[in-house]
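Engineer: Line by line, the protein sequences give chains A and B. Quick note, the first sequence lines up with residues 1 to 313 if you use the numbering used here. Quick note, the second sequence lines up with residues 1 to 286 if you use the numbering used here.
It should be emphasised that the hints constitute simulated quantities derived from the structure, not laboratory data. If you're wondering where the values come from, they're calculated on a predicted model, not measured in any experiment. Yeah, the Cβ is synthetic: ideal placement off N, Cα and C, and Gly gets one too. Treat the hints with care, since some could be wrong.
Covered stretches of chain B (in silico footprint by chain A; criterion: 3 or more residues with CB under 8 Å from a CB of chain A, positions within the stretch not fixed) [what the hints assert, rightly or not]:
1. 107-115
2. 159-171
3. 229-241
4. 268-280
Residues from chain A shown here face chain B by an in silico Cβ test under 8 Å; the list is partial [said to hold, decoys possible]:
5. L48
6. L101
7. P180
8. A183
9. I186
10. Y188
11. F192
12. L237
13. F276
14. V280
15. F283
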Amino acid sequence: MNKYTIICLIIFILLGPFLLPNATITEMLIFGIVAISTNIMLGYTGMLSFGQALFFGTSAYISGLILLAGFPIFLAIPIATLGSFLISLFVGYFCVKREGLYFICLTFAFNQMFYFIAYVWTEVTGGEDGLVGITRPEFIDTQFSFYVFISILFLTSLYLMYKIITSPLGLIFKLIRENPSRAEAIGYNVRFFKLVSFSIASTFTGLAGSLYVLIHSMVPIDQIHWLKSGDIIFMTLFGGVGNFLGPLIGVVGYIWLSDTFSIIWARWPLIMGVIFAIIVLYFRGGVSELLENLVKKSQSYFKKNKDEKYIKN
Amino acid sequence: MTFLILSQILNGLGLGMLYALVGVGLTLILGVLNIPNFAHGVLYALGAYFAYSIAKMTGSFYFAIFLSPLLVVLVGFLLESQGVRRLYQAHHDYQLLFLFACALIIQEIIIIIWGPIGFSLLPPPSLSGALDLGILIYPKYRLVLICFAFFMIICLYLFLTKTNLGAILRAGIENRDMVKVLGINVNIVFLYTFGLGAYLAGLAGALSAPIMGLTPSMGLDILPICFVVVVIAGLGSIPGAIVAGILIGLSQGAATIWFPEATNVVIYLMMGLTIIFRPQGLFGVR
Numbered sequence: 001m002n003k004y005t006i007i008c009l010i011i012f013i014l015l016g017p018f019l020l021p022n023a024t025i026t027e028m029l030i031f032g033i034v035a036i037s038t039n040i041m042l043g044y045t046g047m048l049s050f051g052q053a054l055f056f057g058t059s060a061y062i063s064g065l066i067l068l069a070g071f072p073i074f075l076a077i078p079i080a081t082l083g084s085f086l087i088s089l090f091v092g093y094f095c096v097k098r099e100g101l102y103f104i105c106l107t108f109a110f111n112q113m114f115y116f117i118a119y120v121w122t123e124v125t126g127g128e129d130g131l132v133g134i135t136r137p138e139f140i141d142t143q144f145s146f147y148v149f150i151s152i153l154f155l156t157s158l159y160l161m162y163k164i165i166t167s168p169l170g171l172i173f174k175l176i177r178e179n180p181s182r183a184e185a186i187g188y189n190v191r192f193f194k195l196v197s198f199s200i201a202s203t204f205t206g207l208a209g210s211l212y213v214l215i216h217s218m219v220p221i222d223q224i225h226w227l228k229s230g231d232i233i234f235m236t237l238f239g240g241v242g243n244f245l246g247p248l249i250g251v252v253g254y255i256w257l258s259d260t261f262s263i264i265w266a267r268w269p270l271i272m273g274v275i276f277a278i279i280v281l282y283f284r285g286g287v288s289e290l291l292e293n294l295v296k297k298s299q300s301y302f303k304k305n306k307d308e309k310y311i312k313n
Numbered sequence: 001m002t003f004l005i006l007s008q009i010l011n012g013l014g015l016g017m018l019y020a021l022v023g024v025g026l027t028l029i030l031g032v033l034n035i036p037n038f039a040h041g042v043l044y045a046l047g048a049y050f051a052y053s054i055a056k057m058t059g060s061f062y063f064a065i066f067l068s069p070l071l072v073v074l075v076g077f078l079l080e081s082q083g084v085r086r087l088y089q090a091h092h093d094y095q096l097l098f099l100f101a102c103a104l105i106i107q108e109i110i111i112i113i114w115g116p117i118g119f120s121l122l123p124p125p126s127l128s129g130a131l132d133l134g135i136l137i138y139p140k141y142r143l144v145l146i147c148f149a150f151f152m153i154i155c156l157y158l159f160l161t162k163t164n165l166g167a168i169l170r171a172g173i174e175n176r177d178m179v180k181v182l183g184i185n186v187n188i189v190f191l192y193t194f195g196l197g198a199y200l201a202g203l204a205g206a207l208s209a210p211i212m213g214l215t216p217s218m219g220l221d222i223l224p225i226c227f228v229v230v231v232i233a234g235l236g237s238i239p240g241a242i243v244a245g246i247l248i249g250l251s252q253g254a255a256t257i258w259f260p261e262a263t264n265v266v267i268y269l270m271m272g273l274t275i276i277f278r279p280q281g282l283f284g285v286r
């Protein structure tokens with residue numbers, strides 16, 4: 001991360017609440033955690049999991065239930081995050097044994113397994129209606145304090161994830177993406193580090209899920225449905241996986257687009273689908289690569305102009 | 001009680017046959033093309049909706065069952081030749097995203113054309129009513145469905161084992177690069193495979209319409225089941241997909257007797273047991 005991206009990030013966080021409604025901007029920050037953590041697994045380790053909604057939704061349910069039981073939020077968030085960490089170890093243990101398509105199939109099927117548990121277990125999860133009637137604690141009752149609370153957690157988890165990516169552990173992840181057999185040959189236990197990457201991504205996704213409860217004071221059941229996993233993958237890829245903050249651009253774009261289209265037309269997923277398809281077929285690097293190319297082009301253009309000036313002089 | 005158990009076994013068998021058909025279609029596409037086909041569910045839904053419209057227009061149920069899977073094949077050809085073909089070199093993430101996008105688009109088009117409310121498609125008079133089997137009385141259509149699906153699976157088996165194209169498809173699952181090296185035009189093989197997968201999905205959709213009715217979300221509901229069939233079967237195993245499909249159907253039938261609310265959870269329970277005790281899947285080798 002160079003200093004320009006940090007400045008852009010700070011400007012985004014400071015200006016966000018003035019430009020967008022409170023619910024939208026907090027949702028963007030929360031899904032920002034999800035997408036950036038998914039990128040640790042998807043972009044840096046090269047594992048495509050189609051089951052991230054499992055951790056998001058389960059953690060949202062856990063934190064919602066703890067809040068409903070009357071416990072404070074400082075208990076709800078850590079417990080829910082820990083819960084999604086434990087579930088990710090369990091699910092990950094079975095999934096990382098497999099690669100490629102089988103890994104996608106397994107994570108997808110696990111996602112749907114948890115969805116149906118939430119769907120059937122109506123006494124606890126509220127079934128199809130979702131978990132309702134959660135109240136925000138007093139100290140984050142106002143929109144301003146809630147935004148500050150979420151953005152502090154957002155920046156903290158961003159910092160932690162950046163530390164992970166730039167640490168030797170991050171290098172091992174990249175090595176596994178580039179050449180798993182060489183990683184094995186050097187002496188790294190590839191399966192173990194894949195599990196580590198999977199649980200890091202899933203734990204941060206879980207943290208985001210536990211915060212999501214607070215926005216609308218409820219847990220709708222679609223937060224654990226596999227369509228949400230598709231959205232998460234899309235947000236990550238839309239922004240671009242080659243970049244640490246790229247997925248955040250994807251999140252902002254995705255949420256803004258879907259909010260805008262859903263007002264205009266009830267069949268808005270159609271438009272989103274068309275956008276997905278166009279991006280995959282023509283702009284595979286996502287928005288961040290598009291921006292990088294633009295910056296490079298403009299730089300070379302200015303350079304050219306400068307050179308021409310020198311020649312003239 | 002025997003009556004209930006027998007009829008639920010038959011129900012489960014019927015469901016299982018449908019799962020086997022869709023599952024085999026998905027197995028072919030996953031195995032030969034090596035792409036995660038997230039549009040498989042909506043192809044199934046399209047099969048049902050096409051059958052509904054054709055039956056309504058022409059008045060012939062049989063004609064609808066014949067024609068609607070062929071229309072789905074056309075949609076499949078379109079998907080493969082216009083989109084998927086450009087993505088064989090790309091990572092799975094982009095293939096997945098593209099097919100997911102196609103699923104969203106087709107799903108919304110179904111709602112736009114046919115509306116968000118579900119329909120029911122009645123079987124023709126010759127197949128409606130019930131048949132007295134001696135020990136139990138059972139709906140005629142479901143019996144015919146089991147026989148017909150069984151017949152289709154036999155046909156598919158003969159196609160895959162006895163014909164040249166079938167051999168190429170099986171070889172493609174085993175070792176795609178070798179098929180290319182042997183001078184076979186893989187583009188056409190991929191197109192046909194996607195078409196065959198789409199045909200099976202469309203056929204299962206059309207056949208399921210009189211039993212389960214039509215809802216716009218039917219494609220999204222069947223998709224995880226298809227993937228579970230593939231996981232239980234072992235990736236790329238066609239006999240495995242048939243067995244796994246029937247097994248899931250039967251266990252759903254059994255669950256209806258004792259735990260009617262858990263019929264959907266049973267599917268994933270089966271999957272969980274499989275990956276604990278046989279991680280490579282029932283018939284998987286890799």
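Engineer: Indicate, hint by hint, whether the structure satisfies it.
Structural biologist: Cross-check of the supplied hints:
1. Counting residues of the region 107-115 of chain B whose beta carbon lies closer than 8 Å to any beta carbon of chain A gives 5, which meets the minimum of three for the stated coverage.
2. Restraint check on the region 159-171 of chain B versus chain A: 0 residues with Cβ-Cβ distances below 8 Å, three needed, restraint violated.
3. Restraint check on the region 229-241 of chain B versus chain A: 3 residues with Cβ-Cβ distances below 8 Å, three needed, restraint holds.
4. Restraint check on the region 268-280 of chain B versus chain A: 6 residues with Cβ-Cβ distances below 8 Å, three needed, restraint holds.
5. Checking A:L48 against chain B by beta carbon gives a least distance of about 5 Å; that is within 8 Å, so the hint holds.
6. Hint status for A:L101 relative to chain B: holds, with the closest Cβ pair at about 6 Å, below 8 Å.
7. The beta carbon of A:P180 comes no nearer than 15 Å to any beta carbon in chain B, farther than 8 Å, and the hint placing it at the interface is violated.
8. Hint status for A:A183 relative to chain B: violated, with the closest Cβ pair at about 19 Å, above 8 Å.
9. This hint is violated: A:I186 has a C-beta 24 Å from the nearest C-beta of chain B, more than the 8 Å allowed.
10. Interface restraint check for A:Y188: the shortest CB-CB distance to chain B comes to about 22 Å, outside 8 Å, so the restraint is violated.
11. For A:F192, the suggested interface contact is broken, since its CB lies about 17 Å from the closest CB of chain B, more than 8 Å.
12. The interface hint given for A:L237 holds, since its Cβ lies 6 Å from the closest Cβ of chain B, which is under the 8 Å cut-off.
13. Against a cut-off of 8 Å between C-beta atoms, the interface hint on A:F276 holds, since the closest Cβ of chain B lies about 3 Å away.
14. With a least beta-carbon distance of about 4 Å to chain B, the hint placing A:V280 at the interface is held under the 8 Å criterion.
15. Of the supplied interface hints, the one on A:F283 is violated, with its beta-carbon coming no nearer than about 11 Å to a beta-carbon of chain B, more than 8 Å.
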